[in-house]
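Sequences and hints are given; from them, build the entire structure.
Order-wise, the sequence lines are chains A and B. Each residue of the first sequence is one higher than the last, beginning at 1 in full-length UniProt numbering. Each residue of the second sequence is one higher than the last, beginning at 1 in full-length UniProt numbering.
Treat the hints with care, as some may be off.
[Said to hold, decoys possible] Restraint-style ranges between C-beta atoms, simulated for each label pair:
| hint | chain 1 | residue 1 | chain 2 | residue 2 | range |
| --- | --- | --- | --- | --- | --- |
| 1 | A | Gly274 | B | Ile327 | 42 to 50 Å |
| 2 | B | Gly127 | A | Glu302 | 35 to 43 Å |
| 3 | B | Leu139 | A | Pro259 | 52 to 60 Å |
| 4 | B | Asp229 | A | Asn145 | 29 to 37 Å |
Honestly, the hints are just simulated from the structure, not real lab data. Just so it is clear, CB atoms sit at the ideal spot from N, CA and C, and this is done for glycine as well.
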Amino acid sequence: MALLEVRDLSVVFQRKGEAPFHAVDGVSFDVEPGQTVGLVGESGCGKSVTSLAIMGLLPKRGAKVTGSVTYDGTDLLKLSDKQMRDKRGSELGMVFQDPLSSLNPVVPIGLQVTEVLERHRGMPRKEAMIEAKDLLDKVGIPDPNRRLKEYPHQLSGGMRQRALIAIALACRPKLLIADEPTTALDVTIQAQILSLMKELVQDLGTALVMITHDLGVVAGLCDEVNVLYGGKVVEKAMRHKLFAEPRHPYTHGLLASIPRLDAPRGEKLTPIKGSVADNIPWTSACAFAPRCPNALDVCRAETPAEVDKLGRLLRCHNPVVPGTPAAEEVPV
Amino acid sequence: MLRYTIRRLVQLVGVVLVLSMLLFAWLRLLPGGPVSALLGERATPESREALTKQLGLDQPIFVQYFKFLGRAATGDFGVSTGVQPGDSALEIFLQRFPATIELSFFAILIAIAVGVPLGYLAAKRRGGWFDNLSVIGSLIGVAVPVFFLAYLLKDVASSALGLPSQGRQDAIDATRVTGFFTLDGLITGEFDATLNALEHLILPAIALATIPFAVIFRITRAAVLDVLDEDFVRTAESKGLTAPVIRRRHVLRNAMLPVVTTIGLQTGALLSGAVLTEKVFSFAGVGQALAIGFERRDYPVLLLLIIMATIVYVVVNLLVDLSYALIDPRIRTR
Chain A
1 MALLEVRDLS VVFQRKGEAP FHAVDGVSFD VEPGQTVGLV GESGCGKSVT
51 SLAIMGLLPK RGAKVTGSVT YDGTDLLKLS DKQMRDKRGS ELGMVFQDPL
101 SSLNPVVPIG LQVTEVLERH RGMPRKEAMI EAKDLLDKVG IPDPNRRLKE
151 YPHQLSGGMR QRALIAIALA CRPKLLIADE PTTALDVTIQ AQILSLMKEL
201 VQDLGTALVM ITHDLGVVAG LCDEVNVLYG GKVVEKAMRH KLFAEPRHPY
251 THGLLASIPR LDAPRGEKLT PIKGSVADNI PWTSACAFAP RCPNALDVCR
301 AETPAEVDKL GRLLRCHNPV VPGTPAAEEV PV
Chain B
1 MLRYTIRRLV QLVGVVLVLS MLLFAWLRLL PGGPVSALLG ERATPESREA
51 LTKQLGLDQP IFVQYFKFLG RAATGDFGVS TGVQPGDSAL EIFLQRFPAT
101 IELSFFAILI AIAVGVPLGY LAAKRRGGWF DNLSVIGSLI GVAVPVFFLA
151 YLLKDVASSA LGLPSQGRQD AIDATRVTGF FTLDGLITGE FDATLNALEH
201 LILPAIALAT IPFAVIFRIT RAAVLDVLDE DFVRTAESKG LTAPVIRRRH
251 VLRNAMLPVV TTIGLQTGAL LSGAVLTEKV FSFAGVGQAL AIGFERRDYP
301 VLLLLIIMAT IVYVVVNLLV DLSYALIDPR IRTR
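Written as structure tokens, this is what we have:
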């Protein structure tokens, strides 16, 4: 049995007087210990909501979560508030997107690390400070003794993200969820943070769920990749397979839209047409159909079924034939 | 920080000087004057003239002002003509200032002790019945005139609760040390005197606290709502921290900055509220002296009390500004 088994997870946001919004629609995936699983998609595809649902961080009112999230044999969705508090921070860690706004501006870094240790490992403050120093050291923050006393605004962006990682890993969680941990950082720092995460995950044997829109991050880190669109997994495969032979037109479009340095000069970028706003509901069609270059009549009339074949899960009426080059050029 | 404080205090000297000039002129522009107030309508022109001369009001206004400045430099702010005729203005101030400080202190204490927790709870339960109820309650708190509420408390609540509604203390034999009646009893060991003074403070303090309470409540609620949406609160939740730690360390500490600013500004409102409250409850403080002073055109007392009130207001707001640095490290290290 996998460490984390997400089955048929759905999140519906319901506001008074408004139509319910299906942010996540029957998502399933497994994460084994030491494995890194990617959730990929553009903004609004439901990847962050999925992570918040796993962590139990969605607002109680207005968000309805169904399905099951089995962690180590227990369904997290059935736990009480208090039981979930005991799991968060100790067994489940989370790293957020924007390291500046994710750290409390008026509390020194040291206390923000030690409070997790005090809470879950019952350490007295002094002992926790020593441990916090080691943690900052481990995530590569120079001069940790000084940094412990400093406030978030005194640290650089990269250091802040390292501090957040130190906080998330303080109690050696078995599962770490990283929600776009590198988006707010510049490219060189991104690479440093990614290799740090890779190293730590390997050392500690932590299972990692990596949420990103950046296929470069996926290529460097993930073992298995789930591509999400409109709240559903549209394609799932091992990383090599997915990159070598994308079958879903959305995955294909994502890969084709990456700018290449070796492309001839003057060649235009190939974006995916339209935006998430063009989605149609999954109920009686494929949500991607309005933007899909491969769309057939059936795509607008029938929800595509999930097909699991040869180690690849695919939800598409008219998949891309292997070997097809990027879709026709669209002027940017 | 020190340089900043000194600069603000130097500015204060300028403010006081300009204010004293304006006040001096404004007070004399009020219809009537101390002479009519003292002698009444039917005084003979001769006696009026004699008193005018005696008070020095026959001289040109700038001469009067410079004479006042000269005497003020030696600590002589003139003699009261209306509030407590014959007593020096400074004496009246020193006597009454502790009373108003006591009253304001308890009023702001009540306003904070009720307003901040209520504001937090309302924000936490946004849109619920508790939130709606307390928002309406705070609106009433701002809207009801202080004097109306003061009379209501005095005439209804005092008999219902058996609380005194007149003066600062019953005529008991209490030793005076500092002029703060609640403190004096603690210092001399006359605890019944302290208790008696506290009983006298309850109703006027509640009357005075309503407006600051309502404002502090609303600001706290708004500030907490803002902070609850912040990413770092979600981070704190993701750490599995207990609710009290999240509330204290992560939510309230960040929400306090606007609340502290409001508390500073509300001291101004307290002074104007004190005039009405002290008048209703016959509470012998600065506010009551101002009310009587205006009725009887007591120039020296009005001048001194208003200037002192200004100084208190500026100093409180300076302390508020300095306290930002304690709350927010981003200001400290700048």
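*Are Asp229/B and Asn145/A spaced within 29 to 37 Å by their CB atoms?*
The hinted range 29 to 37 Å holds for Asp229/B and Asn145/A, with Cβ atoms some 34 Å apart.
_Assessment of proposed distance window 52 to 60 Å (beta carbons of Leu139/B, Pro259/A)_ = This hint holds: roughly 57 Å between Cβ atoms.
*With 42 to 50 Å as the target window, see if Gly274/A and Ile327/B comply at their CB atoms.*
This hint holds: roughly 48 Å between Cβ atoms.
_Assuming the hint says 35 to 43 Å, is it satisfied by the Cβ distance from Gly127/B to Glu302/A or not?_
Holds: the Cβ-Cβ distance is about 41 Å, inside 35 to 43 Å.
The structure agrees with every numbered hint stated previously.
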